[in-house]
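> Spelled out from the first residue to the last, the chains are:
Number of protein chains: 4
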Amino acid sequence: MSAPGNRQRLRDIDNTGFGSNSSVEGGRLINPDGSTNLSKQGIPIWERISVYHSLLRMNRSYFFLVIFLFYSSVNIFFAVLYFMTGVEHLVGGDGAKNYFEKFTEAFFFSSQTLTTVGYGRVAPSGLITNTIASIESLVGIIIFAVMTGLIYGRFSRPRAYLLFSPNILIAPYQNGKALMFRTATYKNNHLTDVEAQVTLATHIKEHGKTVTKFYQLKLELTKINSMALSWTIVHKIDEESPLYNCTKKEIDDAKMEIIVIVKAFDDHFSNIVQQRTSYTHHQIIYGARFLPMFERAHDGSRTILELDKINAHERVEFPVSVA
Amino acid sequence: MSAPGNRQRLRDIDNTGFGSNSSVEGGRLINPDGSTNLSKQGIPIWERISVYHSLLRMNRSYFFLVIFLFYSSVNIFFAVLYFMTGVEHLVGGDGAKNYFEKFTEAFFFSSQTLTTVGYGRVAPSGLITNTIASIESLVGIIIFAVMTGLIYGRFSRPRAYLLFSPNILIAPYQNGKALMFRTATYKNNHLTDVEAQVTLATHIKEHGKTVTKFYQLKLELTKINSMALSWTIVHKIDEESPLYNCTKKEIDDAKMEIIVIVKAFDDHFSNIVQQRTSYTHHQIIYGARFLPMFERAHDGSRTILELDKINAHERVEFPVSVA
Amino acid sequence: MSAPGNRQRLRDIDNTGFGSNSSVEGGRLINPDGSTNLSKQGIPIWERISVYHSLLRMNRSYFFLVIFLFYSSVNIFFAVLYFMTGVEHLVGGDGAKNYFEKFTEAFFFSSQTLTTVGYGRVAPSGLITNTIASIESLVGIIIFAVMTGLIYGRFSRPRAYLLFSPNILIAPYQNGKALMFRTATYKNNHLTDVEAQVTLATHIKEHGKTVTKFYQLKLELTKINSMALSWTIVHKIDEESPLYNCTKKEIDDAKMEIIVIVKAFDDHFSNIVQQRTSYTHHQIIYGARFLPMFERAHDGSRTILELDKINAHERVEFPVSVA
Amino acid sequence: MSAPGNRQRLRDIDNTGFGSNSSVEGGRLINPDGSTNLSKQGIPIWERISVYHSLLRMNRSYFFLVIFLFYSSVNIFFAVLYFMTGVEHLVGGDGAKNYFEKFTEAFFFSSQTLTTVGYGRVAPSGLITNTIASIESLVGIIIFAVMTGLIYGRFSRPRAYLLFSPNILIAPYQNGKALMFRTATYKNNHLTDVEAQVTLATHIKEHGKTVTKFYQLKLELTKINSMALSWTIVHKIDEESPLYNCTKKEIDDAKMEIIVIVKAFDDHFSNIVQQRTSYTHHQIIYGARFLPMFERAHDGSRTILELDKINAHERVEFPVSVA
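Protein chains in written order, with my numbering: chain A, 717 to 1039; chain B, 717 to 1039; chain C, 717 to 1039; chain D, 717 to 1039.
Hints should not be assumed to be uniformly reliable.
Pairs count within a copy or across copies, as identical chains cannot be separated in the list.
[Said to hold, decoys possible] Below are the DMTMM-like pairs computed for lysine to aspartate or glutamate, each with C-alpha atoms no more than 25 angstroms apart in a straight line:
{"id": "1", "residue 1": "1025", "residue 2": "728"}
{"id": "2", "residue 1": "756", "residue 2": "983"}
{"id": "3", "residue 1": "964", "residue 2": "728"}
{"id": "4", "residue 1": "952", "residue 2": "936"}
{"id": "5", "residue 1": "964", "residue 2": "1033"}
{"id": "6", "residue 1": "921", "residue 2": "968"}
{"id": "7", "residue 1": "1025", "residue 2": "730"}
{"id": "8", "residue 1": "756", "residue 2": "1022"}
{"id": "9", "residue 1": "925", "residue 2": "1015"}
{"id": "10", "residue 1": "934", "residue 2": "983"}
{"id": "11", "residue 1": "756", "residue 2": "1011"}
{"id": "12", "residue 1": "925", "residue 2": "909"}
{"id": "13", "residue 1": "952", "residue 2": "730"}
{"id": "14", "residue 1": "925", "residue 2": "1011"}
{"id": "15", "residue 1": "952", "residue 2": "1030"}
{"id": "16", "residue 1": "756", "residue 2": "911"}
{"id": "17", "residue 1": "952", "residue 2": "1033"}
{"id": "18", "residue 1": "965", "residue 2": "922"}
{"id": "19", "residue 1": "925", "residue 2": "983"}
{"id": "20", "residue 1": "934", "residue 2": "955"}
{"id": "21", "residue 1": "818", "residue 2": "983"}
{"id": "22", "residue 1": "813", "residue 2": "1030"}
{"id": "23", "residue 1": "756", "residue 2": "1015"}
Just so you know, these hints were derived from the structure itself, not from any lab.
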């Protein structure tokens, strides 16, 4: 009985949200960060992109750079307005003589207005300059409100902070084999009611064209009460498994991809958090088992979880009888 | 066996929240944006309207216009107070001579106080003017706090960002017919555990008066794991369907309305999001099928979802045997 | 068969969170606003009260009054500090001559610092006054941050905005009787998946002392899909009801209280909202039925819900056979 | 039949998130505040710690101290910059003569800029000083936005505010014994749908080494509708209990630990809240029962919950027959 035969015997699932013809040559369905390997077209980018979502997912350094650049742009925009309507309406300045000094004065006055610091050594006079300054200070306040919202949104965004082992192992398990990977929280957050769901995607030839089939992989434990230590998620490769009798070559040929969703209740945010990841066939190690990643403290008072050992494993030979 | 006969045989549902006598001539129950086609009366409008809800649902341009107008009104209100209590208490001004210049001075001082920019070239003196300025700066801070809350509320409001096909098709399906419509997320958000619920409302004559009956439409898939690509929601029109043997004319005569609720878990907000819509009988196309809306990228590395093809369909003739 | 007899035959429930000896003479278990009629003692009030919770539940006018008074207090506190350390360190003032003028100057400078408006006509000089001003402006910013949080918290607090009929009726229903009350949302919010739970509390004599017993009242519909119009919640008084054959006098003697919890999903907040209320026996009307509270608009295009008719009812005579 | 024998007969559970070899000599699994008695290593501390989480869980006094120190540091940092680039560019100062006076001037100017109070008596001039001041005021605004976010995050963090009895009692119950502890909310919050889950951890010798086994303790009530008064959580020690026939000495020898998770819906936050705690064998009192902790008010109008009596209990002798 061949492995594909076993997979044909098992029912594939059609509720993954991916179609059977979404298979891609050389590509993957889910990226390691959990996003779908997909692009959207057909409507303008400003309708397709949620600026808020993008700014929240952005790397912290980029985020502050974006804020800085945006602030500077608005600053310069108003500086140009003051410059054009006449720097002489900014009373109390240093008596700027050339264009550069005048623009500099306009720029710093603009900055003092936008941040509402308003020293007042340089202050607006006249209807137009006063009006521009009025609007700028309101714009400053609105930008500030937006920024506060963005920063709080970044802070409070519920995240699982899960570390996954970079590899997925096919390891000996109960007189047979099992697919195993490991996850742990790497921050000082606490997850309870942790649930995992693992889906196998295979790309197989059917009637001459490549179609993608999905299988739910049955787990030894689908839910744990608390992510206290690490959790080794185990799929036993028995007769009910689509991976039964499957060789490393078959895994590679079918460009298998293992899609993982972990959902949990975060104790701190009091919210459901979710993290996805995906393993391609390149990340599957055939014949290896995980080494422990926690130990007792020297004084015995607590347990130490060693996060750098999340992928620690050793090679094993499979007994011939189960291969 | 007539279609109404089939519908009478099936059990209608009474837990929709709509009464059986809420049917309206020419109207609909649910608007395309998901709100109920309903108005409330009997209590004053300020008790009936949640200002916060309204400001959050408002179009972005209107929202900023409302902020601008509100700010200006408060600004003018305080300007009038300074003007009435005497502009001479605003020391350091330009020596305004006429009423217009005096009011202008009061206005800009008010603006500088409200935004807390406070240049100080013009500053309050005297008990009354100082007191007004004190209160105005506190009011400014409170307005700012309110604005920050509103802006964050708008940002963080969980939304599904679902695009629905403008039409609902009656298409050939498995030797028979099925009702089909299509949905996809149009932003860079990711929905998981997506559930759909579809209800049919028909207005029929019973004992001489028109009553509204509701039927739950059974779906081929009520839940998908992930809204990765588009989702075609399919209700098979078989003997258990209230639409069985129903002609286009019967659909129009009964002023059928199809109410759709999609619920999902949004990965970013880590929250349940919900979107509703409704199709009236005018939007039902009898005899058409959807065309694919995604394809592989040229380099094969990812899938491209073409959102402008959400409603792409072609006309089909139904085989006589099933009509 | 007496009514108490029927109630003894039925199983009472013990998971209400109230003990059987919590019955109170003349009091009620749940207040009309849904809070428990309970006070806590034994720990200091500042540990017992969540200031944040209290400020969020407070009436809007009181809330802004609290803010104003708190601001003024802080303002005065710092004004006293400036006054005590010498108003002469506030340069640029009006040359205040007496204590009142000096304190006034200190007060307004304090206000300008706390709100960060900082005109600068009056500015601090010297180490001590500058230090106080530094601290005050930081305090001002922190107060502002707190206020922003409070205001947003008040805005975004998910609430059901349910209106309940002030009375609960015992009305004719399906050849018998039923307990009925009515609820509707009075704001422009939209609730879906609305669930109700109704509990009856009776105080009865057992072995010489009064004990409280609780019964779950079975509802005709416990859940509706959408709170589109009003919802009449119906408990049929049949042989399975603890109210079967119960006279108005028995209801009054047992000081019956009907506790209502409604839970729903709010479409706007994308959150579960909950509202509780309670009816005492004084609010039960024996022999009345609700009148409709919605009608079609004149142009037939929409339904109008008349919120002032939430309690509209008419008296009815019960047929002798079922009394 | 020995107690360990009974425990061996019962199925232990393996989905607690703790391994069977996580037992520690002298330590505990869960700390009284609900955190796991665990440390993480192997990745740098800044990746391991969520600053936001830490600042939110921090004691209020420490939190404001952290804000104050951070503010001061930034203030000093910019003061040093102004000092180094020349205090003479801060025009309008007191004409500082020595280094101390110069630094003081720079410091207070920095403070006025950071808080955006900007009196302007001292104001920047020149390109470099103006640029530094521009940046400082932007930094001030960003810090303020961060602070607002943190403060709101602290406010709005859903918490259960549960008080647990410091001791867990083995008390007489229904002709036998039961394990009992008591919980109540100590703030003006209201919890509904309160669920408890109690797990027993025992450390026993197996094949020469100590392993940890976990048992789910069956509760008389696992869920109550409302946390109105206090809740006594009861585990009946019958034949199905891992504690059946277990003596105080056996409890101590097995270093038993009782882990408690309470989950509820908080009415105010409209959110699920969760609180954990753990009792070590030192906290178990063998042979005691709780005394009531609520009484009627003198006027009979309400119930009074006495929170200082949460642990009030009296010693009892067990009847010989059930010991």
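> A separate judgement is required for each hint: does it hold in the structure or not?
How the hints compare with the structure:
When the C-alpha separation of residue 1025 and residue 728 is checked against a cutoff of 25 angstroms, the pair qualifies neither within a copy, at 35 angstroms, nor between copies, at 28 angstroms. With identical chains, the CA atoms of residue 756 and residue 983 are at most 25 angstroms apart between copies only, with a shortest distance of 18 angstroms across copies and 35 angstroms within one. For the identical chains of this complex, residue 964 and residue 728 are intra-copy neighbours only, at 21 angstroms inside a copy versus 37 angstroms across copies, given an alpha-carbon limit of 25 angstroms. Taking identical chains as interchangeable, the C-alpha atoms of residue 952 and residue 936 lie at most 25 angstroms apart only when both belong to the same chain, with a minimum of 7 angstroms there against 31 angstroms between chains.
Taking identical chains as interchangeable, the C-alpha atoms of residue 964 and residue 1033 lie at most 25 angstroms apart only when both belong to the same chain, with a minimum of 14 angstroms there against 49 angstroms between chains. In this assembly of identical chains, residue 921 and residue 968 lie within 25 angstroms of each other by CA distance solely inside one copy; the values are 14 angstroms within and 46 angstroms between copies. With identical chains, the CA atoms of residue 1025 and residue 730 are at most 25 angstroms apart between copies only, with a shortest distance of 22 angstroms across copies and 36 angstroms within one. For the homomeric pair residue 756 and residue 1022, the shortest alpha-carbon distance between copies (6 angstroms) is at most 25 angstroms, but the shortest distance inside one copy (40 angstroms) is not.
Taking the shortest Cα distances, residue 925 and residue 1015 sit within 25 angstroms of each other only across copies (18 angstroms), while inside one copy they are farther apart (62 angstroms). Proximity of residue 934 to residue 983 under the C-alpha cut-off of 25 angstroms is restricted to the inter-copy arrangement: shortest distance 24 angstroms between copies versus 27 angstroms within a copy. For a Cα distance limit of 25 angstroms, the shortest separation of residue 756 from residue 1011 across copies, 10 angstroms, qualifies, whereas the shortest one inside one copy, 47 angstroms, does not. Proximity of residue 925 and residue 909 under a CA criterion of 25 angstroms is satisfied in neither setting, with 42 angstroms inside one chain copy and 30 angstroms between copies.
For a Cα distance limit of 25 angstroms, the shortest separation of residue 952 from residue 730 qualifies both inside one copy, at 22 angstroms, and across copies, at 17 angstroms. In this assembly of identical chains, residue 925 and residue 1011 lie within 25 angstroms of each other by CA distance solely across copies; the values are 15 angstroms between and 51 angstroms within a copy. When the C-alpha separation of residue 952 and residue 1030 is checked against a cutoff of 25 angstroms, the pair qualifies only within one copy, where the shortest distance is 19 angstroms, while the shortest distance between copies is 46 angstroms. Taking identical chains as interchangeable, the C-alpha atoms of residue 756 and residue 911 lie at most 25 angstroms apart only when they sit on different chains, with a minimum of 22 angstroms there against 30 angstroms within one chain.
With identical chains, the CA atoms of residue 952 and residue 1033 are at most 25 angstroms apart within one copy only, with a shortest distance of 17 angstroms there and 49 angstroms across copies. In this assembly of identical chains, residue 965 and residue 922 lie within 25 angstroms of each other by CA distance solely inside one copy; the values are 19 angstroms within and 42 angstroms between copies. With identical chains, the CA atoms of residue 925 and residue 983 are never at most 25 angstroms apart, being 48 angstroms at best within one copy and 33 angstroms at best between copies. Taking CA atoms no more than 25 angstroms apart as the test, residue 934 paired with residue 955 passes inside one copy only; the shortest distance there is 11 angstroms, against 34 angstroms between copies.
Proximity of residue 818 to residue 983 under the C-alpha cut-off of 25 angstroms is found in neither arrangement, the shortest distances being 56 angstroms within a copy and 50 angstroms between copies. For the homomeric pair residue 813 and residue 1030, neither the shortest alpha-carbon distance inside one copy (75 angstroms) nor that between copies (71 angstroms) is at most 25 angstroms. Within a single copy, residue 756 and residue 1015 get their C-alpha atoms only as close as 56 angstroms, which misses the 25 angstroms cut-off; across copies the closest is 16 angstroms, which meets it.
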